[in-house]
Amino acid sequence: MRARDITLIAILSASLTAGKLVLSVVPNIEVVTFLLITFTVLFGFKRAFMTSIVFVTTEILIYGFGTWILGYYIIWPMLVLLTAILKKTVKSEYSYAALAAIYGFTFGLFFALFESVFYGLSYAIPYWISGIPFDIIHGTSNFVIVLVLFKPLTKTIQDAMVKLHLGK
Amino acid sequence: MNKKVIVIGLVVLLAVAAMFGYTKFFGPDTQKGAKEVTVEIVIEGQSIDKSYTFNTDTELLMDLLTEVKDEIKFESLDSSFGPMVVGLEGYTANPASEYFHIIINGADAMVGVKDIPVADGDVYHFEIRNF
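Respectively, the protein sequence lines represent chains A and B. If you're matching positions, the first sequence starts at 1 in the working numbering and goes up one per residue. If you're matching positions, the second sequence starts at 1 in the working numbering and goes up one per residue.
There's no promise every hint is true.
Listed below are the simulated SDA-like cross-link pairs for lysine to any residue, each with C-alpha atoms no more than 25 Å apart in a straight line [unchecked claim]:
1. B:K69 to B:I8
2. B:K114 to A:K155
3. A:K155 to B:K69
4. A:K87 to B:K4
5. B:K114 to A:A98
6. B:K4 to A:L42
7. B:K3 to A:I137
8. B:K114 to A:P133
9. A:K151 to B:K69
10. B:K3 to A:A98
11. B:K3 to B:T23
12. B:K4 to A:F150
13. A:K155 to B:V5
14. B:K3 to A:L153
15. B:K3 to A:P152
16. B:K4 to A:L109
17. B:K35 to B:A17
18. B:K3 to A:L109
Take a look, some chain A residues computed to stay more than 10 Å from chain B by CB distance [what the hints assert, rightly or not]:
19. V26
20. F43
21. F45
22. G64
23. I74
24. L82
25. A101
26. P133
27. K155
Incomplete in silico selection of chain A near chain B, CB under 7 Å [claimed, not checked]:
28. A3
29. I129
30. I132
31. I136
32. T140
33. F143
34. V144
35. L147
It should be emphasised that the hints constitute simulated quantities derived from the structure, not laboratory data. Keep in mind the model is a prediction, meaning the values are calculated, not measured. Cβ coordinates follow ideal geometry from the N, Cα and C atoms, glycine included.
Sequences and hints are given; from them, build the entire structure.
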């Protein structure tokens, strides 16, 4: 890994953390999914994967350690992996928006199943059911954010890379 | 752009329908009107074993407890999971080792007091348990 990659990963993960903090006042509306998808498409699996790991580790420094952090170490790198797989077959932003929507809708279910390992199913089922409205907001907002912002952000970053003579 | 606007509109509409469906199927099934319910409070270490009968129009257990707050000396604490019962009959649960366990008509409550509907004839049993 080159110094340029390390710097890029630091900037990308910082933008994820900043994006998350800015929207933390609005329940379940976030740009982390959107940014990770965009970063995977633009910078490739390896760099986006490392970005997701740095981002989750930064979360520990901000919020402290909890079992949810372990879930984050799975869910965000998995999004990068799924985007990288999807990228090989599709080019349309609709597919990425659909992936982001599915991610949002199943976020609560994933964490309920994951946390059931620690706390049992009697905790997981009410946890998931009571969080369904938040999952609906999460999935819907993810879909809208990716559909509206994916193309403009991709183009802006690509233009900036050309202007700054930054190759891939 | 028009296509995107239509697609977004459809997705938002589906989300609203899903929210409506959720409220209908999973929301608390509340009952309006006069209801007679029993509240039992057992705190073994303090030899407290009380039973109250209340007539109420409240729809959720949290509202009932708030309504009869002075009588049962109810105290609650807001947590990320919603309000939590921390004190009854003047006894406050030790946050390090105790909690008020809720049993509704003989079955363990699966949700907190803010999500428990008040139904006619229900028996709400609170007892101190250790964890």
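How the hints compare with the structure:
1. B:K69 to B:I8: 47 Å, violated
2. B:K114 to A:K155: 48 Å, violated
3. A:K155 to B:K69: Outside the cut-off at roughly 60 Å; violated.
4. A:K87 to B:K4: Holds, because 21 Å separates the two Cα atoms, which is no more than 25 Å.
5. B:K114 to A:A98: Violated, at roughly 34 Å.
6. B:K4 to A:L42: 22 Å, holds
7. B:K3 to A:I137: 22 Å, holds
8. B:K114 to A:P133: Holds. K114 of chain B to P133 of chain A sits at ~16 Å (cutoff 25 Å).
9. A:K151 to B:K69: Roughly 56 Å separates the two Cα atoms, so the pair is violated.
10. B:K3 to A:A98: Roughly 15 Å between the alpha carbons, so the hint for K3 of chain B and A98 of chain A holds.
11. B:K3 to B:T23: 30 Å, violated
12. B:K4 to A:F150: At roughly 12 Å apart (the allowed maximum being 25 Å), F150 of chain A and K4 of chain B satisfy the hint.
13. A:K155 to B:V5: Measuring from Cα to Cα gives roughly 20 Å; hence the hint holds.
14. B:K3 to A:L153: 19 Å, holds
15. B:K3 to A:P152: 16 Å, holds
16. B:K4 to A:L109: Given pair K4 of chain B, L109 of chain A is violated - Cα atoms ~28 Å apart, limit 25 Å.
17. B:K35 to B:A17: 32 Å, violated
18. B:K3 to A:L109: The hint is violated at about 31 Å.
19. V26: 15 Å, holds
20. F43: 25 Å, holds
21. F45: 27 Å, holds
22. G64: 14 Å, holds
23. I74: 22 Å, holds
24. L82: 20 Å, holds
25. A101: 7 Å, violated
26. P133: Given a closest Cβ separation of 6 Å, the condition is violated.
27. K155: K155 of chain A clear of chain B: closest Cβ-Cβ about 15 Å, beyond 10 Å.
28. A3: 39 Å, violated
29. I129: Since chain B brings a Cβ to about 6 Å from I129 of chain A, closer than 7 Å, the hint holds.
30. I132: 5 Å, holds
31. I136: 5 Å, holds
32. T140: With a closest approach of 4 Å, the T140 of chain A hint holds.
33. F143: It holds, given that the least Cβ distance between F143 of chain A and chain B is near 5 Å, below 7 Å.
34. V144: 5 Å, holds
35. L147: Given a least distance of 6 Å, the restraint on L147 of chain A holds.
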